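Protein sequence lines correspond, in order, to chains A, L, Z and W.
At position 317 of the first sequence the residue is numbered 317 (the working numbering), and the sequence of numbers has no breaks.
At position 347 of the second sequence the residue is numbered 838 (the working numbering), and the sequence of numbers has no breaks.
At position 353 of the third sequence the residue is numbered 1457 (the working numbering), and the sequence of numbers has no breaks.
At position 63 of the fourth sequence the residue is numbered 1658 (the working numbering), and the sequence of numbers has no breaks.
Simulated from the structure, these hints should not be mistaken for laboratory data.
As the structure is a prediction and not an experimental result, all values here were calculated from the model.
In the EDC-like style, the derived pairs of lysine to aspartate or glutamate whose C-alpha atoms are separated by at most 20 Å in a straight line are: (1) L:1053 to Z:1464; (2) Z:1467 to L:653; (3) L:654 to L:853; (4) Z:1467 to L:656; (5) A:197 to A:261; (6) L:654 to Z:1466; (7) L:966 to L:550; (8) Z:1397 to L:1038; (9) Z:1397 to L:1058; (10) L:1053 to Z:1466; (11) L:654 to L:604; (12) L:1053 to Z:1404; (13) A:197 to W:1602.
Negatives, chain W to chain A, calculated, CB over 10 Å: (14) 1599; (15) 1607; (16) 1686.
Derived, one-sided and incomplete: chain Z residues facing chain L with beta-carbon distance under 10 Å: (17) 1394; (18) 1428; (19) 1432; (20) 1571; (21) 1587.
A virtual CB, placed ideally from N, CA and C, is assigned to each residue, including glycine.
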Amino acid sequence: MTADAFAALLPFIVLSAAAVAVMLAIAIRRSFRLAFWLTAGGLLVTLATLPCALSVAPAYVTGLLLVDAYGLFFHALFLLAALAVALLCLAYFRRRDNENEEIFVLLLTSTLGALLLVSSAHLAMFFLGLEVLTISLFPMIAYSVRASRPLEAGIKYLMLSGLASSFLMFGMALVYGDLGVLSFEQIGASGAELGQKPLALAGLFLILAAIGFKLSLAPFHLWTPDVYQGAPAPVTAFLATVSKASVFALLLRFFTTVHAERSETFLCVLGLLAVVSILAGNLLALLQDSLKRLLAYSSIAHMGYLMVGFVAAGLLRRDLQAETIAFYLAAYTLTSLAAFGAISAISDDARESDRLSDYTGLFWRSPWLAAVLMLSLLSLAGIPLTVGFVGKFYVFAAGVQAETWPLVTTVVVGSGIGIYYYLRVVLAMIRTVDTAFLPAQSLHPAAGLVLAVLAALVLGAGLFPQTLIDAASQTPQISAGAPKGNRHSAP
Amino acid sequence: MLNLLWLVPFMPLAGFLILTASEGRLPRAYVPWIGAGSVGLSAALAASLAFELLALAPEARVFRQTLWHWMAAGDFGVDFAFYLDALSLNMLLVVTGVGFLIHVYSAGYMADDPSMARFFAYMNLFVFAMLILVLADNLPLLYLGWEGVGLCSYLLIGFWYEKPENGYAARKAFVVTRVGDTAMALGLFLMFSQLGTLDIQEAMARASTQWPAGSALPTAAALLLLGGAVGKSAQLPLQVWLPDAMAGPTPISALIHAATMVTAGVYLIARTHALFALAPEVQTLVAAIGAITLLMSGFSALTQTDIKRILAYSTISQIGYMFLALGVGAWSAAIFHLTTHAFFKALLFLGAGAVILSLHHEQDIFRMGGLRRSLPLVFWTFIVGLAALVALPFTSGYYSKHEILLSAYGSGAAGPWLWAAGTAGAILTGLYSTRLLLVAFFGTERTQAHSHYGSNIGVPLVVLAILSLAGGLAKLPLFPALPETGTEETGGSIGLATTAAPFLGVAIGYLVYRTGTASAEALLQLPGAETLRRLWFSGWGMDWVYDRLFVFPFIALARLNKGDAVDRLYQGIVALTRLGHCMLVPTQTGQLRRYAAGMLFGAALILALGVWS
Amino acid sequence: MILLWLILVPFIGGLLSLPARRWRDYAPRWLALAALAVDAVLVLTLFADTGAAPKTDWLAQVDWAWIPRFGIRFHLALDGLSLLLVGLTVFLGFAAVLCSWTEIRERQGFFHFNLLWTLAGVIGVFLALDLFLFFFFWEVMLIPMYLLIGIWGHENRAYAAMKFFIFTQVSGLLMLIAILALVFLHYQTTRSLSFDYFELLEADLYPGAARWIMLGFFVAFTVKLPAIPFHTWLPDAHTQAPTGGSVLLAGVLLKTGAYGLLRFVIPLFPGAAQDFAPVAMTLGAVSILYAAKLAFAQTDIKRLIAYTSISHMGFVLLGVFAGNAQALQGAVMTMLAHGVSAAALFMVAGALQERLHTRDMDKMGGLWTLAPRIGAITLFFSVAALGMPGLGNFVGEFLVLLGSFRVDTAITAFAAIGLILAPVYALYVMQRAFHGPASPCEVRDFGIREMGMMLCLIAATAWMGLHPQSMLAYTDARVNGLTRTLAQRGP
Amino acid sequence: MASIPFEHALLLASVLFALGLVALLIRRNLIVMLMSVEIMLNAAGLAFIAAGSRWGQPDGQVMFLLVLTLAAAEVGVGLGLVLQIYRRYKTLDVDRLSEMQG
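With the rest of the complex left out, here is chain A (with noise of 0.2 Å):
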């Protein structure tokens, strides 16, 4: 293994590292806080590795990983995620300290499928990289065993995730069968008759099928309410974030790499993918009594503007569909982690706080709190001030540029529908009740640091995104320039 190889693989190394040393210190001594700091310190040294990673990149490390910008940017958001998740954690599982440390070793793992998801450029490590991902996930989901709602969540992921799992490889074999190659580019190089290839087509149709149940598309997408709504809100909060954001970041990957966007049909079905789930999501999320199911179907809606900006642009230039997928999942990590963050906040693994009765006065009775929540719906629903403004702002940039008018058209009635509901939301807490009777909410610091950051952050970058778009904008050298490193690929 090459200096540069091993530089490129640094962050993968000491997360597994970090991984296994809270792992064993569990063993040794079950404390949640030591856990917690040596999972923070984790990924705070993976975060510190990141630049040198970047220094070598764009790389490849032996034809499963490619390790560049585009990669990169995403590692540094699922790892500041991650963190963000932790603290919620350490906050939401307060009451039971020492029973749960278990958690954050699967946060790191599942933290590290994403960064293998992401960087993946071979089919075998796309689906490594996933299942490390989603089966991280199952135990967080069940994560409050002692409750009906989560052991129920767990167990409809598991299922329905190993019925996508299936579809995957399914698909694959039969890509790999008609093709006789794994690895993005080779399977990118021989797109061009890919017409005349029922069976790989097919295959990657499975595959979309795959990857749009796990970013929730509709049709794939009726898992995600009850699932969301079962996961322990800091869960919840990792499932909408970081594992949506890497598959989708795999899919730009998989298919700019596999030249996907040269077949009018896989547009138009990602197109309507789309309208599809926009109109679906936000139409299911109207009338939504529980905060977590809402933001679920809102999850679904988004995933569908987001596939908007990624047909749009794709239509127009690869470096700006990179960048719309980059800035938009930023600005949707970012919101997202502060608004399940703030449920987070005022639940703990006892009782989760979802109903929409819960939030009643809110803004009275703890005004910051409401506050954040507030700036995080209003983020969701792209009003200026915040980040998913000019995320939205992409959105429509691209389309409108595209001339893709229908999509445009459904994204506009999709944001208007959606308003409704958020403001709904925003209209509960600020409702002037009588707070006499209703306890004032206790914020723990943890959790408090956390909101503030990303407050912070959803305005900041709202305000002046131009920095956020420049760490984005860096992502177009996703497949340009000659990667260092080798190639090979399978003898």
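We have chain A already, so just place chains L, Z and W on it with the hints.
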């Protein structure tokens, strides 16, 4: 001295502002002094201006005063400027003079009213607006005064606001006149878009040079202006508001609805006579409107029992004469009749007011009777007023009306017809005047009268009576503001008939109401008479028609669509969205196997789309 | 710099008023007054700088890079039109604070925060010359207004606030799409990506595109204006908003729509606007009549006034699209005069509601006897609203009709029927609320604070009616520019 | 060496896959459902092996190993959950697990 012209309108304005600012906290004794005093000062100033202006040569009798630049936009620009010539001077004198007398009278009439300050404030505002109207140098400023007097009319008709019917009458007056005003506004727009100016003199000059006589443009412009004039002056077809306007205090009826405001239409047409001269058809129409109106309202006056409504219909009728005069091109005759009418009709209204006050707000003439004994001063002045109204020789009304009728006779082919209508109107005038006099002032006393009016009621009556008698002698020379129309002497028989007509009316009246030769009750027994009476009583049923044509449909439409039908569209969208929600929610069964089936469906769908498309 | 401060002062004032209520209950409102006073000084300085008849086009500018990725700049500039409208905004800001003096007793800090932020947003709208920045402010002013309605509104506030937000937001998105389409079309021809007003003025659009893009702007602005058929949010929002909110809504927020038409629609798309003018003018005329009819049908006094607003703004629409100097100047005057008179009427309605606890005119009557000052003031502004010459509204309407008559006689004649309907509803208010037999209850008449405020508004209305030239002079240059643009680039 | 044609193996794999899918949809027992998922995964693995042999590469078998690992891991976690569910609900009927819906 002429430079003080601006003070004439602004002194009443100052009075208005003082009275308004005091919010009724001023001692009651001071209120009339401010209210009437400001108008009195204006009147005095107007008189001195008159002397100064009349001292000049006739051609030089023009004075223009620009106060400030009002508004400009692109090629449009008007000043806040006054224009004084013989015509506006005539109006100025009438408005301030008669206005002052009525203010003095009001001090007595309204002495017991708790809202006296508000009354005088409105009155002062009215005088201000009326003076702006007559002095305006340009049409927008005239329009300012025009609307201003309308507003004051509204305020004063509805002065006793506790009674909802007063408010209704006030709003009716405002809205009906507003219909005319809107036509007039459109006329202004038309003139500006074609002539490029709204300065009256300039516009008239340009119209005469740019527009050939009888062409479409001047006809349209004149028609639209005529719309404004018939609205304000209560002529057919917009006369319906004036009888109801009698709901206001009687001095208001005298000032606004007899002497000044209602004649604004006459003034407007006289002011823009050059335009009307370019539109002969419209001028004929003006004459026809005048003739028909004077007849119709003459008949209506015949059937009324309310003393003020009789006078109101009589006013409509007399303004009909003025329109007749305008229509036949007897400009100065119209203005002359305007002036004399202001004197005698103000006198009649003030007299009626004194009667009403003495009878504790009894207005039905059939409950009066015998007032000549209890109210001698009122009786004698009233007789003078009525004499002028019916145009008995040597009263002021005789000179003006005679001139009108003779001019009408000599005005082309339709002339004799117009003359006949006017003369028939004169007979009617004589008839209803006699009826009013005989029923109210003679016979037995049916309601006890308490004559508790002071000198501030008596003096205006006397002064106005003198003016009614002698006003015919003091005719202001209106040339060159209005072209001189030489009344060609028509045959003596026509003149004689014209002079005799009122006597005929008086005689019939005397027979019916005094001697009982043919009593009114007996006449009503004739077939169809009762129907006719009701038709006349209701002002020819115009209210009935308008209610059904405009008012009821509008109200029904408003009621029908109170909730805004357009909103249904959006409610439909909302319902559609909700429907979508309700249709989609059942897919979220929570059952794992259904979800798996859903995924399978999705996969099959995109496979089908992707592979077999 | 002074322009930036114009926005920042209320912005900071709003932030400060949040903690201020801890110090004293009434501190926020004094703080709000102080902030407005500072702004007023700034505005007066600008007035003084420009003198009575400004010759230069743009009086002050601020132009900084903001988001260079899209060529977005923080570009503020001020001309006579903006100056007048900013002046109106600050003026009515005072009115809004003063009329909330006793009405708002709870959560004063947050109330004034929202009030001042709305003002900051509106001022931003009037100053922004970068289209992105304009859109940004356009949306930013919504949220605090939404909160004002949603928190301090009347019985049906949630519905009204929601309706207000969704209407403006969806139409705003249409405008965003239009902005983007314009920007990208400009980019295609010039290869320079810019949202700058001056650069986009030079954009060369083919007529088909111009028409569609113009429509995007037009819809957004007519929703805000509002005109038939986009008006239905307004009666609800105005009726339910607290008095201060109604004052700002009617007085200022509606003017942003008219401002947008004048500032963007006409100059950017002179040809398309001229083609579209018959439709727009018809809409204006229909608005005038339809809203007048609806106003007459109402029994809720605030709802009635709300419909009169629609009716009056119909004149603005008519005037803007008539497009000659008289009509445009008339539109500006109508904006100013209606701002003052509608604000005053809403203040009266608010005062009545505060005293009688009802807005139903059927339950009023005879108030003149009890509260002659309120009666007199209502009379004054009703009369102003029905277009009495000598008061501001007349000048506006007269000029609009004068100008539009030259363009389209039939539509103008049709619109002029509105002059007949105006007294029908305006005097109806007087009759039902103030005339009639006195009711036996006690009603507190206006005190010194209220009278002082009202006298200022009366003075402003009378001044605008008697000496409109002092205002018209400021917009003369801009209006002439617009007519020139229309003449040159029209079809 | 006469090898089994790729198409035949693929057909078998497809049939297996379909069987697993149908079982997943019609059976209510959680354990059977887990088994169905296993069958589907194994069907995919079979397809990989067939493909590997078609191209004469070891990649197919490597992928099959990965599939096995995944299946094992998934069953491990799955059985753990099933255990908890049985403790809590005293049943393995999946249709009973529909507390969250709507």
